[in-house]
Every structure is written in structure tokens, then in C-alpha cells.
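Keeping the supplied structure of chain A fixed, place chain B upon it in accordance with the hints.
Below are the chains, spelled out letter by letter.
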Amino acid sequence: MIELSGVHKAFGANRVLQGVDLTIPRGESMVIIGGSGTGKSVLLKCILGLVTPDSGKITLDGQDVTTTDRDAFLARFGMLFQGGALFDSLKVWENVAFRLLRGALKRPREEAREIAVEKLRRVGLKPETADLFPGELSGGMQKRVGLARAIAAEPEIIFFDEPTTGLDPIMSGVINDLIHEIVTEMGATAMTITHDMTSVRAIATRVAMLHGGVVRWTGPVAEMDATPDPYVQQFIHGRAEGPIPSVR
Amino acid sequence: MTSALAALGRPVLAALAAVGRVVLFALEALSHLLRPPFYGREFLAAVMQIGWFSLPVVAMTAIFTGGALALQIYAGGNRFGAEAVVPQIVAIGMARELGPVLGGLMVAARVASSIAAEIGTMKVTEQIDALVTLSTNPMKYLTVPRLLAATLTVPVLVAAGDSIGVMGGWLVGITRLDFNSATYLKNTVDFLEAWDIGSGLVKGAVFGFIVALMGCYHGMNSARGAQGVGAATKAAVVSASVLILAANYLLTEVFFSA
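Those sequence lines, one after another, are chains A and B.
Residue 2 in my numbering sits at position 2 of the first sequence, and the numbers go up by one each step.
Residue 213 in my numbering sits at position 213 of the second sequence, and the numbers go up by one each step.
Chain A on its own, in the form it takes in the complex:
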């Protein structure tokens, strides 16, 4: 279980997070929604230690993430980045097997390659893709490779940062279905950041809305449409009128 309490983060005068309290229970698929620039990615990076919060506490299974063994902590995570963040200089299979080629999880190259090809197959890519470079792939294929890399070491917790941004509706649907299937079959805890409501409905078991640097609403996805919270209603229906200013 991941717990955040009173997490603050500012960049200069821009106070992005102003006391975020959130609990992500084990095995749940939590989706964080909110407008652009509301700090969703910063929140995710705070959990991973890529950004250091100014104050507040983040724990994983009761242990403060800032005091835990870093390598052991990160070994429990997989992450799909918004732009894929694939390493241009490495082949697709080397990207997928990156964690299996070095460090504590190191395997022989042949074995690592076999696992990479299997993970590529799991996300719908053919074995021939393995020897291409990321620059030779379409945006949708890069997302799939990023997803394969995120699950290659069978992590307990997977983060997805804007998994469908920049994809056409059909490819978005494919990625959403893949995420849902993989998270379910792995029994992983998932945290997804998105403002794509189709993704929210396809992926989430719980939803939290971030606005004004705090979590405005959180609850099961089934209750999202019925909540009277005007911020959530404006956001999920994409209305220009409401408490969220349309010009930001």
C-alpha cells in the first residue's frame, strides 16, 4: 500500500502540490485525473524519488520511501513514461531487458533476450521488432515497448504516465485494454496519470482528482459519475463552465 500525507512541492513561486493526502491500496488500479499543470506527474515522481517533496511523508507498506534501500525499493516498480523514454542507442529488446542485463536481476544475454521477446509478444509486438531501434517504431509501438519494459521484471507496482497521449483512438483503446489485462493478470498495484476519460473508465478501480495542489475527490470509479463534486463533474464532462478556470 502506498500512502501520501501532506505532500508539498513548489518550484520557485509555483506551489504545485499543497498537501496531498492519498492512499493507494495493494492490488488497486488508481487513476489520478486533473488538468494540465496540476502536478499529476510531479506527484508520481515524488513517490519514485525522482523529485524530492518539500514536506510531507510518502510510505510504501508502512516504510518511509526516503529511508528505505533505494535499489530494493525501485526493484518493486515498473514505469511507462509519457513519451516512452526508450533509450535510442539500444535495440528494442535491450530496452525491454534493460533491468535483466545489469544489476541485481542480471541474467545471461540470451535468457534476457528470450524474456524480452516474450514480453514484446505479450504487448502484441512480433519477435522481428526486437532487433529494431526505437527510432524505427511508430508512436503506438513505442508505447507498447515501454509497456513491455515496465513489466519485464514482473514488478509489484506499475506507474503509467499519460499512457494514451498522442495516440489515435483505436491505438489508445488497445493500450488501455493491454494495461487493464496486464495489471489484472499480474495482480499488480497500478497508478495511472491521465486526462483521457476513456482511459479512466477502462483502467481504474479507484479515481482521485488532483486540483489546486490537493486531492479534491477520491473514490471508486463506479461512483465517479454520481459524485456531486462540481470540479469532478466539470472535468469528466469536459465543460468550459464551472469552478475550474478554462484559461490557465
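Because the hints were derived from the structure by calculation, they are not lab data.
Watch out, some of these pointers could steer you wrong.
Said to hold, decoys possible - Have a look at the derived ranges for each label pair, beta carbon to beta carbon:
(1) B/A7 x A/R26: 54 to 62 angstroms
(2) B/A7 x A/H8: 28 to 36 angstroms
(3) A/G56 x B/A14: 28 to 36 angstroms
(4) B/D190 x A/D131: 53 to 61 angstroms
(5) B/S31 x A/P25: 33 to 41 angstroms
(6) B/V254 x A/S55: 27 to 35 angstroms
(7) A/G166 x B/G230: 33 to 41 angstroms
(8) B/M48 x A/P25: 44 to 52 angstroms
(9) B/S31 x A/R76: 45 to 53 angstroms
Heads up, the beta-carbon is just placed ideally off N, CA and C, and yes, glycines get one too.
Same frame as chain A, now just chain B:
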């Protein structure tokens, strides 16, 4: 008066802070040199990129510089009947100064820029963050192999540049200045001392370290977007070039001042 002092003090403080950040970055990188894991593949790739692929540009620079140096020394020496010193001065000039400095500057132009652009692009496309999430320390994976490769390969490039520069002088000497080939080469070999060459190689190692350090530092601290990467690339080349010239003076002072 106070505002004038503040205006003067602000850039000085900013410059000192920048120096401090670079020193801390260098110390952190050095602290990783002896601690595993070591990334052998990345080191060998950096040796190829920094050393092998820089050889043509260093060789071209050296051969033309050696030739021009021979012509200049001949023309200058002619004024007081000292034309015969061309082989000796070309050799000492290439080994002590021009080989390491021009080699270092050419590597700075070629390598510092490419390292800063590559790492800067990795930063803005979240590849550095991805490394962290994959339990890989970016300093260890990206910076240490490049620092080590540059420190070890630039002296080799300098040695090659020295030899090619001397050959450039020899070629001009025998074809344009009527020197006897064997005499030219004998004078070169007899006059050069081991420390003339050794000091140039030490300079090469220092310049290589500077080049990789500036490339990695500016790449890692690149701002967002294409403009940020462009600025990081420019800063890497400019700072590496200036630091090479400053370090060259200091090293020459240490090695050769009476």
C-alpha cells in the same frame, strides 16, 4: 554605491556557485569510479566514440599545423640565420603545446558537444528518469564511462597528433624548404626529450577529463526543449575550450617554469 556593488557581486556569486556545482559534480563522478557496478560496454562504446572517431579530425589538424609551423619557423629563423632549427622547434612545439592544445580543442568541439546533446536529449525525453526507475544510477552509467574513456584516449590522440604534426613539418621541410630527409628526422629525434612528450600526454589526459566533464555536466543540467539542449551544447563547448586553455597555461607553468 550599494546597488553598484550588488550588481558586481551578483554575477561573481553566480560564477562561484557554478564552479562549486561543477566541482561537486566532478567529485561525485570520481567517487563512482572505484565503486561497482562498472559498465564495460558503455566504456568501450565511449572509447570508440571519443577516441577512434576523433582520430581523423585530430590527424588533419595536426598535419596542417605541423606544416604551417615549419614554414613560420623557417621564415622567422631566416631573419637571424637560424633556419636550421625548424625540425627541433616543430617537434618541441607540437609535443609540448600544439599537439595537446589543438587536439584538446578539436575533441572539445567534437565530443563535448555530442555528449552534452546526447545526455541533454536523454534528460528532456525522460530517459534519465527512466534509468533511475530501472535501478541504474545515471552518473555511473552515463558520466563515469565517458570521463574514463576521455581521460585515457585523449593522450593517445595527442601522441598520434604529435607524430602526425611532426610528419607535417617534415613533409614541408623536405618538399618546400630544401631540408635533407634523414637530417630532419635525426635532428627531431635527437632534440626531443622524454618529458617533452610526457608533459603533452599528461596535458592530454587533463584536457580529456575536462571535455567529458563539461559535456556530461551541461547535458545533465540541460533545460527543457530544443532550446535547452542547444544552450547546453554551446555551454559545453565554450566552457571546455576555455578551461582547456586555462589548464594549459597552469600546467605549462607547473611543468616548465624556471
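Results of checking the hints against the structure:
A beta carbon spacing of about 57 angstroms between B/A7 and A/R26 agrees with the range 54 to 62 angstroms that was offered as a hint. For B/A7 and A/H8, the hinted distance range of 28 to 36 angstroms is satisfied, since their beta carbons lie about 34 angstroms from each other. Checked against the given bound of 28 to 36 angstroms, the beta carbons of A/G56 and B/A14, roughly 31 angstroms apart, stay inside it. For the pair B/D190 and A/D131, the supplied restraint of 53 to 61 angstroms holds, since their beta-carbon distance comes to about 57 angstroms.
At about 40 angstroms, the CB distance of B/S31 to A/P25 agrees with the hint of 33 to 41 angstroms. A C-beta distance of roughly 49 angstroms is found between B/V254 and A/S55, which places it outside the suggested range of 27 to 35 angstroms. Checked against the given bound of 33 to 41 angstroms, the beta carbons of A/G166 and B/G230, roughly 24 angstroms apart, lie outside it. Separated by about 50 angstroms at the C-beta atoms, B/M48 and A/P25 satisfy the suggested range of 44 to 52 angstroms.
Checked against the hint of 45 to 53 angstroms, the C-beta distance between B/S31 and A/R76 comes to roughly 27 angstroms, which is inconsistent with it.
The earlier numbered hints that this structure contradicts are 6, 7 and 9.
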